[in-house]
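Engineer: Chain residues, written in single-letter form:
2 protein chains.
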Amino acid sequence: MHIDLDRHSGITLTEQIRTSIADRIQSGLLQEREKLPSVRNLSRLLEVSLMTVFHAYEILEQEGLIERIQGKGTFVQGKSTRSSDQHKQDRAEKPSLDWQNTVADYLPRAQYWRMMQTPLLDVAKLSMAALHTSLIPTEWISKQFFQYAQVDPTLLTEYGPVQGDSKLREAVIPYFRERNIMTSPNEIMILNGSQQGIDLVASTFVGPGDCVVLEEPVYPCTIDVFRKRGATIYTIPIDEEGMQVDRLAMLCDSRPPKLIYTNPTFQNPTGTVMSARRRAQLLELAQSYHSIILEDDATSDIYFGSEPPPSIKSMDTHGHVIYLKGISKFISPGCRIGFLIADGTFIARLVGSKGISDLGSPLITQKAILPFFSSNQLKKHLPPLREKLKERRDLVLRILNRSAPKGVHWTKPDGGLNIWITLPHALNADDLHTCALKEGLSFLPGHVCYPTQQQYHHFRISFSYLDLPLLEQSVATLCRLLHDFVQSDRHSQQIMHM
Amino acid sequence: MHIDLDRHSGITLTEQIRTSIADRIQSGLLQEREKLPSVRNLSRLLEVSLMTVFHAYEILEQEGLIERIQGKGTFVQGKSTRSSDQHKQDRAEKPSLDWQNTVADYLPRAQYWRMMQTPLLDVAKLSMAALHTSLIPTEWISKQFFQYAQVDPTLLTEYGPVQGDSKLREAVIPYFRERNIMTSPNEIMILNGSQQGIDLVASTFVGPGDCVVLEEPVYPCTIDVFRKRGATIYTIPIDEEGMQVDRLAMLCDSRPPKLIYTNPTFQNPTGTVMSARRRAQLLELAQSYHSIILEDDATSDIYFGSEPPPSIKSMDTHGHVIYLKGISKFISPGCRIGFLIADGTFIARLVGSKGISDLGSPLITQKAILPFFSSNQLKKHLPPLREKLKERRDLVLRILNRSAPKGVHWTKPDGGLNIWITLPHALNADDLHTCALKEGLSFLPGHVCYPTQQQYHHFRISFSYLDLPLLEQSVATLCRLLHDFVQSDRHSQQIMHM
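Residue numbers (UniProt numbering), protein chains in the order written: chain A, 1 to 498; chain B, 1 to 498.
FYI, nobody ran anything at the bench for these hints, they're computed from the structure.
We put the beta carbon where it would ideally sit given N, CA and C, even for glycine.
One thing to keep in mind: the hints can contain errors.
Said to hold, decoys possible - The calculated label-pair distances, taken between Cβ atoms and stated as ranges, are: (1) Glu439/B - Ser166/A: 20 to 28 angstroms; (2) Arg247/A - Thr12/B: 41 to 49 angstroms; (3) Glu58/A - Gln147/B: 56 to 64 angstroms; (4) Asn41/B - Ile11/A: 25 to 33 angstroms; (5) Thr452/B - Asn428/A: 49 to 57 angstroms; (6) Lys72/A - Arg7/B: 52 to 60 angstroms; (7) Glu284/B - Asp253/A: 55 to 63 angstroms; (8) Leu120/A - Asn41/B: 36 to 44 angstroms; (9) Gln147/B - Ile69/A: 52 to 60 angstroms.
Said to hold, decoys possible - To give a feel for the contact side, a few chain B residues facing chain A, derived at Cβ under 7 angstroms: (10) Asp6; (11) Gln150; (12) Pro174; (13) Tyr175; (14) Gln195; (15) Thr204; (16) Val351; (17) Ser353; (18) Thr477; (19) Cys479.
Please put together the full structure from these sequences, using the hints given.
Structural biologist: Structure representation (C-alpha cells):
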C-alpha cells in the first residue's frame, strides 16, 4: 500500500492516511476482511508518528470501514452477506499468490471499475449518463465502418499517427470555429474518449504533491485519475453559477494550483452552468498563478434553451486551457473518441505522452465518425437530439414535481443528460440505492463524486439512457421509493424524540 | 523540468541528471537552442550540489548535446539546418506562451513520438516492424466490422466492459491453452495494443525510484514508459540465449527488482530467443526476490523452423508473470488490440487502472477480430504467414550474405520480423541513416534501444513491411551504402594513421 503524503498541503497527515485507506476500501481495492498493516509497520513505512496512524485507524473504525480485533490485527470491515469462512475458502484455493499482497501499487482508488463491476442485469439504469440507442445514428455510423474498411484496407494494416488521423483533425476545425475556438489541426489530438485526455494531462503534468483543484461534486473518474498521480487535491464547491471562483482565489493566495479541472457547461453530475463572469475570472486566476485549466466539455452541444456561454478555451489567449471534447455524450460512446486542444509546448508534450500510452488510437473508428464532421451530418443530428432530450428532461421533471416527497430537491438542468437529487441531510443515498436495486432501478450515489469530505445525501439520475416508457415508469418508482424512504426516516426520528 | 533522482540506486546523481537531460534532448522534448536552467537553479531545484550539476552539464557538452555560452547561459545544441533566426522568428509569433516553459512535466523521453514525427514520404521503410498489407486478411476483417455493426448497433451505443468484451475473452482461451497458458476469461484483459499493457503495468506497480530491469538492447517505447514513471532502470545485456540471467542474479543480490521486463521470443529489436533454461532461471529469480516479470510476447507465433520454447507464463505457478500478447504483429496493427493475462490481485488492480486510463476499449474493434479466434480462421492464417515471412527473411539474408561488406554483422532470426545489424564499432548508424534517407531508405538506428549507455553502431531492419520487389531493391541499396560507409571510414582511418 503506497500512500503519497504531502507535508505542506495544510491537510493533516492523519486525514491524508484516512482518505487514502477509505478510498481503497470504498473502491473495492482493499477487500472485505483483508488485513491492514499494523500501526507500527505503517508508521515506519510512511515515516510518520505512531499516533498519526493510530488516529487515522480510529477515525476509519468510527466510520465503520475497518475493525480492530484484539490480538489479531486490523481488518477491512465486512459488509457483504458472504461469510468469512467463504472468504477463507476462496483464499485457500490459491494460497500461492499471497506474495502479491506485498507488492505496493500506485492505485489508491478505482471507482469507475467498481461501479461497472456490479452486474446490473434486468435493472433500469437511471445511473447511466449515455444516450439511448434510438438517439444515436447507428446505421449511419456502421455504414461508414464498412465503406472505409472496404475502400482503404490500410486502415487495418497501419499504425495511425500518434496525434490522430489528419483528415479528422482538419474536419473538426469548422466545428470548433463555430464555437469560437480558433485552433488548427496541429493543436488537436485524438483520444480514446475524453477520459484518456484527463489521464494524459495528469500523467504528463501532475505528480506527487502537486496541487490540483476539482469542483465539488465532480465526475468521479476524475478523482481516480488525480489520486493515482499522488496529487494533493483541493475542492471548490459549486453553486448555481458553477465553481465558486472567489473561494478559489483565496486558495490560490496560499497554494497556487498547478491544475484546475472544470466541467463548466451542464456539469456532470449536477447539470450546473458556470456563468460567463466566472469563466473570465477563472481564466484570469490561471494567468496570475501560472495554472493549467483542464476544461472538460462533453455536453455543451446539448442545450434546451439558449446557447450556454462560450467555453473558457474560446477566451484563452495565453495557452492556459487544455480543452477536452468527448463525442460519447452526443454522437457515440462505442467509438471511444475524444478531442484534446492545446497550444504551444503543451500539445507536443501531450502527443508524446499519448505515444507512450498506446502508440495512437485505431484509425477505423476515427474514419467512421469523420463524415459526421466533414459533411453536414452533425448539423442535421444535433437539433432533433436536443429536442428529444428536452422532452425527456421535461418528462422527468414533471414526474418529480408531481410525485417526489417534500424535503427532496433537484436541479433543473438547461442541458446535458443528468439531474442531481438532494435528500434531507440525515438520509443516506446508499441506503436508498440498496432499496432501488431490489426494485430493479439503479442511480449514481453522490458520495463517489466527493474527493474529500464525502456527502451521502445526494444522487444523480440520467434521463437519456432508458427508453421512454421505462424512463417514465422508473422515475415513478423512484418517487414511490423516495416517499417510503423519507417517511421511514421521519418515523424513526419521531421514535428517537419520544 | 522534473527529474526523479534516486539516491540509493548506485548510479551517480551526475549520471542520472545527464541521462535525464540527454533523453529529453534526443527525443525532441527539449528543442534545439532551448535554454536550460542555470547550474545554480537546477542544483537548488534538485537539492544537489553545484558540482553535481556542473559535471552533468560538462559531460553533456562533451557529448555535443548542449552548449555553454559565456554570459548568456546553457542551451541545447542546434543540429538542424534551420537557422537560429528562424527559431527566433517562430517564437516571436507566439511570445505569450512562454510561461508554459515554466510548467514542469513528468515526460523525460518520448522516442516513439519523435520517430513517428519525421515525415517519411516516398521512403522505403525498412524501419517499420509491421506486416505488409498483403499479409493481413483485410477483406475478412472489414467484413466483420460491417456485419457486427449491422447486427448489433449497441456496439456503438454502449461503453463496453472495462476488462474487455467477455465473448472475446472466452474465445481466446483455446488459443492460449494450446500454448500451455492455462487461464480463464477473468484473468484476461483486452488492451488498446500491448503498449497500453506496458504503460498500465508501469503506472500501477512502478513509481519513482523503483528498480526496473530491462534487456539491452530493448524495444524503445518500453524505455519511454519506465522513464516516465521515474523508475531506476538497470539493464542486462542479451546474448544468443537471450537475457543474461546470471548477471541479473548478481544485481538481485544488491537491488531486488520490482519488475523485470522481457521479450523472450524473437526479441524486438534483435530477434533473439531466450533459452528454456534461462526462462526457468528467470522465473526462479522472480520467485526468490518477489519480483514481477512482464513478459511481452508479440511474435512467438511467427517461427520459421521449430516452435520456440514455451512462454515464461506457461511455467508460472505463483502469479509472477504478467503476460502481454499483442495482435499487431500477426493479425492487424490497425485494430489496436492486445491481451493481458495476470492472476490474483494483479488482474483486479490492472483492470482498475484500465478504467482510469480510458474507461475501456472500443467494442467494435474487439468484435471484428473475435471470429479470428472463435472460428478456425487463425489456424488457416498462421501457416502461410510463417511461410511468406520466412521467404522474406531468406531473401534479405541472401542479399546481405552476398553484398554486405566485411566487418558488418547481423542476426539470423528464427522468427519475428526483424534483423539486427552491427557495424564496426567506430561507425555511427545515425550517420548511415542520414545517407540512407537521402537514398529513400529508412531503418531504426539502434541507439534508441539502449536505456543507459547508448551504443551507436547497431541498427534494425524489418523484412515484413515492404512489398517484395521494393524489399529486394532496398536491401541491395543498403548494402551499397554500407560499402561506401565502411570504405570511407577505412579511408579516414588510413589518413589518421599516416
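Engineer: Taking each numbered hint in turn, which are not upheld by the structure, reported in ascending numerical order?
Structural biologist: The structure conflicts with hints 6, 8, 10, 12, 13, 18, 19, although it agrees with all the remaining ones.
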